[in-house]
Amino acid sequence: MEFFRDTHIDFMKYRRFWVAVSLLVVAAGIFSIFVHGQLNIGIDFAGGTQITLKFAEEPEIDRLRTVLGQAGIPDAQIQRFGESGEHEVLIKTPTAEGTEEGSRDPVVEAIDRAYNEGGGAELDLNRDGVEDVADALLAADPDNVAGQGDPEAARAHYEGVADAVIEVRREEGLISSWESLAGAPGVSRAALETLRAGATLGELTVLGVENVGPQMGRELRQKGILAVVLSLVGMLLYIWFRFELRFGIGALMATVHDVIIGLFLFALAGFEFNLTTIAAFLTLVGYSVNDTVVIFDRMRENMRRTPQKPMLEVMNESLNQTLSRTVLTSGTTLIAVGSLLVLGGDVLRGFAFVLTIGILVGTYSSIYIASPFALLWEQAFGSGARGRRKGTRAPAGRSARAETPTRRNRRAS
Amino acid sequence: MNRNLLYRGLLILVVVAIAAISAWPLEDKINLGLDLRGGMHLVLEVQTADAVKSEIDNAMERIVQDARDEGISTIEARREGEQIVLTGVPPERDEVIGRIRQDFLGETWDWDRVGDRIVFELTAAGRAEIRDGAVRQALQTIDNRINAYGVAEPVIAQLGSSERIAVQLPGVDDPERIRELIKNTAFLEFRLSDYPRAGGGAASREEVLSSYGGQLPDDIEILEGDVTDPEGRRIGTQFYAVTKRSVVTGRDLKNARPSLGQFNEPVVNFTFNPQGAQRFGEVTGANIGRGLAIVLDDRVVSAPTIEDRISDSGIIRGNFTNREVEDLSLVLRSGALPAGIVYLEERTVGPSLGRDSIEQGLRAGLIGFSLVVLTMLVVYKLTGINAVVALGLNVVIVFGALAYFGATLTLPGIAGIILTVGMAVDANVLVFERIREELHAGRTVKSAIDAGFSKALSSIIDANVTTLIAALFLFQFGTGPIRGFAVTLSVGIFASVFTAVFVSRWLFDLQLARRQRVERLSI
Chain A
1 MEFFRDTHID FMKYRRFWVA VSLLVVAAGI FSIFVHGQLN IGIDFAGGTQ
51 ITLKFAEEPE IDRLRTVLGQ AGIPDAQIQR FGESGEHEVL IKTPTAEGTE
101 EGSRDPVVEA IDRAYNEGGG AELDLNRDGV EDVADALLAA DPDNVAGQGD
151 PEAARAHYEG VADAVIEVRR EEGLISSWES LAGAPGVSRA ALETLRAGAT
201 LGELTVLGVE NVGPQMGREL RQKGILAVVL SLVGMLLYIW FRFELRFGIG
251 ALMATVHDVI IGLFLFALAG FEFNLTTIAA FLTLVGYSVN DTVVIFDRMR
301 ENMRRTPQKP MLEVMNESLN QTLSRTVLTS GTTLIAVGSL LVLGGDVLRG
351 FAFVLTIGIL VGTYSSIYIA SPFALLWEQA FGSGARGRRK GTRAPAGRSA
401 RAETPTRRNR RAS
Chain B
1 MNRNLLYRGL LILVVVAIAA ISAWPLEDKI NLGLDLRGGM HLVLEVQTAD
51 AVKSEIDNAM ERIVQDARDE GISTIEARRE GEQIVLTGVP PERDEVIGRI
101 RQDFLGETWD WDRVGDRIVF ELTAAGRAEI RDGAVRQALQ TIDNRINAYG
151 VAEPVIAQLG SSERIAVQLP GVDDPERIRE LIKNTAFLEF RLSDYPRAGG
201 GAASREEVLS SYGGQLPDDI EILEGDVTDP EGRRIGTQFY AVTKRSVVTG
251 RDLKNARPSL GQFNEPVVNF TFNPQGAQRF GEVTGANIGR GLAIVLDDRV
301 VSAPTIEDRI SDSGIIRGNF TNREVEDLSL VLRSGALPAG IVYLEERTVG
351 PSLGRDSIEQ GLRAGLIGFS LVVLTMLVVY KLTGINAVVA LGLNVVIVFG
401 ALAYFGATLT LPGIAGIILT VGMAVDANVL VFERIREELH AGRTVKSAID
451 AGFSKALSSI IDANVTTLIA ALFLFQFGTG PIRGFAVTLS VGIFASVFTA
501 VFVSRWLFDL QLARRQRVER LSI
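Sequence order for the protein chains is A and B.
Each residue of the first sequence is one higher than the one before, counting from 1 in the working numbering.
Each residue of the second sequence is one higher than the one before, counting from 1 in the working numbering.
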């Protein structure tokens, strides 16, 4: 199947219109992100604690908020997490001044107290680890192995039993009923009875904790900004080295355009900006440049082949020739990223979103931003060809730099 | 078959075989990151300033003690910032101070007389030495504790030459306990009780103070301790006046293990090394009937009465639970931390979250892969098979490389692989589109393929180098999971260039070699 055979679309005709549209969107983006401060900065960069809890029954967000408020943690953000029916909740608290260690302990203790009748149970199978469970079993010795005179073997036996019990939790996140333990391999009826008598199944379990102290957040912020800026500079240098300055400028404009619009939409969608987001944006930068480079590559080739043709025509011709590839590659990448967006789960959703936007906007900007800006730069400052094309146009040399753009401009306009 | 074709085929076979063998079976060979297998990542900072401060205190005590022993009874010392200021030393005895410094403190201290004061100051080298020593010792202590607790494949490393230590513990199911275990300073001291002199504590600080007439002697300080009910719950505070100097410290312990006391209550049983035993024996022998406070991190655990001379072993009793006794024995065995630590960053992922992530990533990957394959077949018909083979090998090589180099697969890493699947066909698309163009221009199939590959090459290289630059900066910047992404993305780029240029070309050539003349290409 061929989509675009021998197309002759005059892409450059409406370049002023599209550049204007883009500039407007970029301006709106800059305003919304930097002036309005709409970006939702995650704990990676702002510092704070994020706790993922799983409950035995669907918890009421309002009740959680009240519980935390009473415990002196009033400004927690509480939201549902994961698929419905999994009873998972994400609690985020900002950094308390002067502390690096975050709010994990007070938050979990407060909720434990509220949901587990006072909390602090001696042994909670949804909280404690294999060691504790094994200790409890060893003390009660339901399988009668301790009496056989080999304490190490007895310990090993009960560690195995405890591990089988905790494996149920590892599998399901939370042990919801005693019945679900009945099928655990190696857990005897007597052992189960012992646990039933001596342990509780807490109403909640901590699935994950992320805490970033303010110091770490500050450092990650600086490193993140540095990484994005450096990679932009690195790509500009590479393109400048491989092509000509005007192409470098064109690619840079397109990339900056993509990043800002990506950030804008990312902020509008309300995703949280975290470490993975930086990875997504750096990939976006790479992808955006990649897309542009292929088109520039063709322009360079066509410029060598038909040096007499005006720049504008060369650009249009190259855009048409690469159109099929541009659409197809964007299409396949979009398929991959789209499946990630839909199926990849909550953790990667923001990441996949950035890339989806990046591919769409990046494809557009390769055509409507990169080339017009390369042309604009040439019209304003000359080709910056560093003599590479002089030979083909003006063997005399010196005057070529000044002459070439003017002549070409006349034809272009 | 053409020789050249055969060799190229063999090379491809070898690469793919090595990749497949390295990566199979996946679940054993691929190193999963903490975000996928579940586990705990901690970054902690050793409060080396505390270590410097305690070193200064020790030095000060030492100087005063020795100067008094040398007969300079008027000596007074105090700490001013990081300096020790001595007063009451007659100038003609300066030589004694110099000797003490030479014998006990060494070159890491500078000293100078300023008027009637003598000022001691740590040199920069001395401070650095204490700092480095503290971090090294903390690293060793944490390592001991984690090994004693029993975590498989822990990674404990100093970050650069900083005061930070990163700890990675895969698959822990009681993160809270381990966090406490690592953080426990566990500085154990035995000190003689002064009030109540026969052991035990007083109900209030005022009671202790009034027994000294409101003024504590220089060598005595008041410490607090918990009062607990029989279940080990804290119900109040008691106060103890104890000597500032300790009889022995945790450094003199040889071993400590959980045991049961005379009422079957959990206690810690400890033994001393020879020096500790000798010193402990002397002091207990000389102080029968007096209290001995067991002090852990500046809090009194208990203050029993010395009933007999004890030399090499003893028990620590203090209304402990079983778990507390186990953990206390463990930290005492592994040694004290030289200074407090603070957790700067913690990321704990439960195993069930990790499993969900793997499942979702796998599903997204499979569906994405199938859709890309379908697209290529629809767009390029039979030639699409060429791209699909290249894509399949690409995925095999990516996993092979991950396994071969022992790289860690993280959740963003899975995203990187999925992204690679989408982007890997880019090189194929570049080549195929070029071939189509050349065919439209009227070239024969063979020369169109030749031209397609050679002309697309420059674009392929440029396009991939730019993505590689992004990946490089990501790797430089990233912490664990992000690095995983940078790694899979870079590996994917190399693999896709190999498969799309080398493998795909070989597939075309193979097709051409089979038939004498190729009139049509299904593209």
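Think of the hints as simulated: they come from the structure by calculation, not from any bench.
As the structure is a computational prediction, the values presented were derived from the model and not from experiment.
Don't take each hint at face value.
Said to hold, decoys possible - Just some of the chain A residues that point at chain B, by a computed CB distance under 7 Å:
{"hint": "1", "residue": "Met12"}
{"hint": "2", "residue": "Arg16"}
{"hint": "3", "residue": "Glu152"}
{"hint": "4", "residue": "Val168"}
{"hint": "5", "residue": "Val209"}
{"hint": "6", "residue": "Gly213"}
{"hint": "7", "residue": "Val229"}
{"hint": "8", "residue": "Leu230"}
{"hint": "9", "residue": "Val233"}
{"hint": "10", "residue": "Ala269"}
{"hint": "11", "residue": "Glu272"}
{"hint": "12", "residue": "Leu275"}
{"hint": "13", "residue": "Thr276"}
{"hint": "14", "residue": "Ser324"}
{"hint": "15", "residue": "Ala336"}
{"hint": "16", "residue": "Gly344"}
To be verified - Simulated pairs of lysine-lysine, BS3-like, Cα-Cα distance not exceeding 25 Å:
{"hint": "17", "chain 1": "A", "residue 1": "Lys223", "chain 2": "A", "residue 2": "Lys309"}
{"hint": "18", "chain 1": "B", "residue 1": "Lys183", "chain 2": "A", "residue 2": "Lys92"}
{"hint": "19", "chain 1": "A", "residue 1": "Lys309", "chain 2": "B", "residue 2": "Lys381"}
Quick reminder that beta carbons are idealized off the backbone N, C-alpha and C, glycines included.
Using Cβ atoms only, decide whether A:Glu272 comes closer than 7 Å to chain B, and label the hint accordingly.
Violated: closest Cβ of chain B sits about 15 Å from A:Glu272, beyond 7 Å.
Per-residue hint verdict: A:Gly213, partner chain B, C-beta under 7 Å
The hint holds - A:Gly213 has a Cβ within 7 Å of chain B, the shortest such distance being about 5 Å.
Tell me if the interface restraint on A:Glu152 is satisfied: Cβ within less than 7 Å of some Cβ in chain B.
At about 13 Å, which exceeds the 7 Å cut-off, the nearest Cβ of chain B leaves the hint on A:Glu152 violated.
Residue hint A:Arg16, partner chain B, criterion CB-CB below 7 Å:
Violated. Min distance 28 Å.
May I ask you to test the interface hint for A:Val168 with respect to chain B, counting a Cβ-Cβ separation under 7 Å as satisfied?
Hint violated; A:Val168 Cβ to chain B Cβ min 10 Å, cut 7 Å.
Given a cut of 7 Å on the nearest C-beta pair, is the interface hint for A:Gly344 held or broken against chain B?
4 Å, holds
Taking the closest Cβ pair, is A:Thr276 under 7 Å from chain B?
Cβ of A:Thr276 sits 6 Å from chain B, so the hint holds.
Does A:Met12 hold up as a contact with chain B if the rule is Cβ-Cβ below 7 Å?
21 Å, violated
Would you settle whether the hint for A:Ala336 is holds or violated, based on the nearest Cβ-Cβ distance to chain B being less than 7 Å?
3 Å, holds
Using the nearest Cβ pair, does A:Ala269 come within less than 7 Å of chain B?
18 Å, violated
Holds or violated: B:Lys183 and A:Lys92, Cα atoms, limit 25 Å.
Holds - the C-alpha atoms of A:Lys92 and B:Lys183 are around 24 Å apart, at most 25 Å.
Take the C-alpha atoms of A:Lys223 and A:Lys309, compute the straight-line distance between them, and say whether it is at most 25 Å.
Not OK: A:Lys223 and A:Lys309 at ~46 Å, beyond 25 Å, violated.
Violated hints, in rising order: 1, 2, 3, 4, 7, 9, 10, 11, 17 and 19; the structure is consistent with all others.
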